[in-house]
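Colleague: Make the full structure from the sequences, and use the hints.
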Amino acid sequence: MIVRIWTTGLVAGCRATYQAFAESVSLPMFRRQSGLRGVHVLVQAGQSQVLTYWDDAPSITRMEQSADYQATVAQLGQAQVLQGPQRVELFDCALGFFIPDAP
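So the sequence shown is numbered by this note's numbering: it starts at 1 and just counts up by one.
Hints were generated in silico from the structure; no laboratory data involved.
Among these hints, one or two may not hold up.
Unchecked claim - Cβ pair distances, simulated, as ranges: (1) Thr-61 with Val-11: 27 to 35 Å; (2) Val-43 with Phe-98: 17 to 25 Å; (3) Gly-38 with Gln-70: 15 to 23 Å.
Even glycine gets a Cβ: it sits at the ideal position worked out from N, Cα and C.
Modeller: This is how it looks when you write it as structure tokens:
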């Protein structure tokens, strides 16, 4: 499994707008991607990281090249909630687990 981490800055006061976009646009787009195993949107003051979990590198490449992803990126840019540099990092998932149905 590969973990893709996208990091971005957020405009002050735009957290709610960013989270609403993620819930209504980004998460449904991710659900439509083959090879995706999970996603987490992390937010703190002025910053967000989106962690996505993938079967393999070709799945990530397909997502990044898809019209669906490109449209989502364009919409997010138009929302004017991002600021500062953005970066993407890929990590091999060496160890870990999720607890299904945990409270």
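Colleague: Now, for every hint given, state plainly whether the structure supports it.
Modeller: Going through the hints against the structure:
1. In this structure the supplied range 27 to 35 Å holds for Thr-61 paired with Val-11, their Cβ-Cβ distance being about 30 Å.
2. Checked against the hint of 17 to 25 Å, the pair Val-43 and Phe-98 passes, with Cβ atoms roughly 20 Å apart.
3. Taking the beta carbon of each, Gly-38 and Gln-70 are about 22 Å apart, inside 15 to 23 Å as hinted.
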